[in-house]
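S.K.: Listed below are the residues making up each chain.
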Amino acid sequence: MGVRVKTGRTLLAVALGLSMAVGAAHAGSYPDIGPLPQIKISKAKAELGKRLFFDKRVSGDAAISCATCHDPKQGWSQNKPLSDGYPGNGHFRNSPSVVNAVHKKSWFHDGRIGTNLNDVTRENITETYIMNMDMRIMQERFKQDPVYVKMFKDAGYGEPSNGSVRKAIPEFLKTLTSRGAPFDAGKMSGAAKRGLKLFKGKAGCIQCHNGALLSDGKPHNTGVAENFDVFLDPMNHQAFIAFAKFQGIPNYMNMKRDPGFYNITLDMADMGKFVTPSLRELKYSAPYMHNGMINTLAGVVDFYNRGGGKDSRKSDRLKPLKLSKKQKGDLVAFLESLSGDRLTSSEHVWSKSYPDEYPAIQNWKEARN
Amino acid sequence: MKKRMKYRHAVLMASIATTLLVGCNANATKSNSAAAEKAPAPAAAMAMGPAKLEPLGLPPIPADNKQSPAKIALGKLLFFDPRLGGDASTGCSTCHEPDQGWAWAEDFSRGYPGTVHWRNSQTIINSAYNPRNFWAGSASSLEKQARGAARGGVAGNGEGDLMEARLALIPVYAKAFKEVFGDETPLIRNAWRAIASFERTLVQRDTPIDKYLQGDKSALSEEQVRGKALFEGKAGCIQCHNGPMATDFNYYNVGVPPSPRWETDGLAQITFRFEQYAKGQTQEGYRTAKEDWGYYYRSKNSWDKGKFRTPSLRYTKYTPPYLHNGQLDTLEEVVDFYNRGGKFEDGRTTNFTKTKSKLIKPLGLSDDEKDELVAFIEAFSGEEILMEKPELPDYAPLFTKAELEAAQEAK
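Chains as they are written, first to last, in the numbering used here: chain A, 1 to 369; chain B, 1 to 411.
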């Protein structure tokens, strides 16, 4: 485990660090904010992933599902500053929307997973303060549910196994992509169009928010204020301490801020950096930032208009913008034009119920386990 | 924080879903029960002098974990604190309830929420004397046992870093760990040491049998004295249930059949299969196992299938149901089981007929003799040991708002 993290740490640091230097040097030419690429989806696998995503039996004590913290009705996130944790603890970060997660290259606010959604899924399921699941038990649970036995088989996975769970959930996540956003449909309002111009021009957002996801995928320090509830509420703080200890952060017991990207490189220059988030589908996923410290999109625009927050290591791309009230409104209109359908119909949400009990396997003595 | 083990196994299982799962348990130790079986107990006993019952002395205290009142007091709180577990619902006392004989009064122990265990919960009373713990002896000390229990997926399902973080956020604990162990912030491994210290106080040495063996001939009734003679003679119990703990701490298959619950209870079937993985079964073993292989999981010797540690008979008055899978509800039923030569009333017995102990055979006891034997087994239990659950200390923030504001200013 230790080895895995260290390798991941260096690889990520190299990958993210190099291209960052290029971006900073060149204002003006950024990857276009355009439509998202199409992806092929296996229907049977995605359907299985959907049932898994909403199934509480994926967690250790069978009390929470992925959807508890990534709730379709709350923009596939949670509408409160700090995410829930596994029962018995809290969390120290805001739960991000999982819509468009499939298009990312690194995941989590600090980008600490840089491989694939299979690993992200494994991480969420086994992480003590998230779902705390021993995947061996999970696998046996699903072998005990005839609906899953059939679905795994129909999806071409054979018998239920934890390896296939980690494939099926990412397949489902592929179905959660932007759809019907005015920006993509070419149906932007006049205000939104003016906002887009500001975004690329005077407001300078494009420096970091570019490409199809409106994210350069790189870490920056914008000076977002700490959320003191992380440290004042022992439920959240315990999750933070366990996290910081595992990341190998020196003096983690005394840490009074979220280290962000620093926990990957352990380089002070990266303290307080977070990976630029996508700006798609934000309409329903308030509050914003890694710790939910800003409640509205208008609040975020005000934050940038002030030149970001207070931090000695803040990105020098952030300066007070001197936007008029109208310009701020236009920027917000543009941000809103990036949100489309809420994806809350049964096409994306598992609406059937789950069995309350595990039926016994008949003729158990003769059946192969 | 993350379950390192879990990750390892997750990878393992993904990549070898259908291949061998051999030898995950590298710590399988050499079987000493094999020796016990091959040289039947009477012969072994003769070499060392006849096996006999003895009064219970003081529990052994390991040199690296001395007792102290402060450590014991801390261990007591921790034993009753469910925050030493995954979702803060399931601590040691959850499955070792003082008023259920410091065990759990169902066949299978309750499990971590969402699971059921697959074995009967054992009493904590006198566990201080066990050279190895658990039904199949898989833990070599109380300290290691506690760690394993708090982390096991169907037991505490807790994880070291998070439990350690919780302790640091409970000021009473932070202070006590500092005083007792000198920890700047509580170390989880010292929690296991404190709990073990507390467990070493849960002993019972003033039972009728102790008094009797120390010379107080009035401590046993006449019926019990006759039961003792049967125990040491015709019924042959002494061959395995001997010494101060009324156990030789060896491993035998006395004929206990698999639990019928595995045929009818889906949740139990889940745990059953999980345990095959967790205990390092081979792929074929995992596919075909239909009962608890017991000591085999540790030794990996085919002749150890279905063997379990001879349990102590002390305190058993308060710990029904009996046997590793809790299938018998009363001591009377246990005696009947032995009287039939290791068979249940309905004829069920172990499927591992090859490993069944030669020492177990029909005894031909009369009803009176059976009553006498039961009466004698009760002499291994004194008063019930009850304990109020202590009031548990609260969490408190580690920092003040002013400290956080100062840190924010300094960013």
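Hints are not guaranteed to be accurate.
To be verified - Facing chain A, a subset of chain B residues (Cβ under 8 Å, in silico):
id	residue
1	A88
2	D161
3	A168
4	V172
5	A174
6	G236
7	T264
8	L267
9	F274
10	K290
11	L392
12	Y395
13	E403
By construction, these hints were calculated from the structure, which means they are not laboratory data. By construction, the Cβ of each residue, glycine as well, lies at the ideal position given by its N, Cα and C atoms.
S.K.: What are the numbers of the hints that this structure violates, sorted from low to high?
M.R.: Hint check: 4, 5, 6, 11 fail, others pass.
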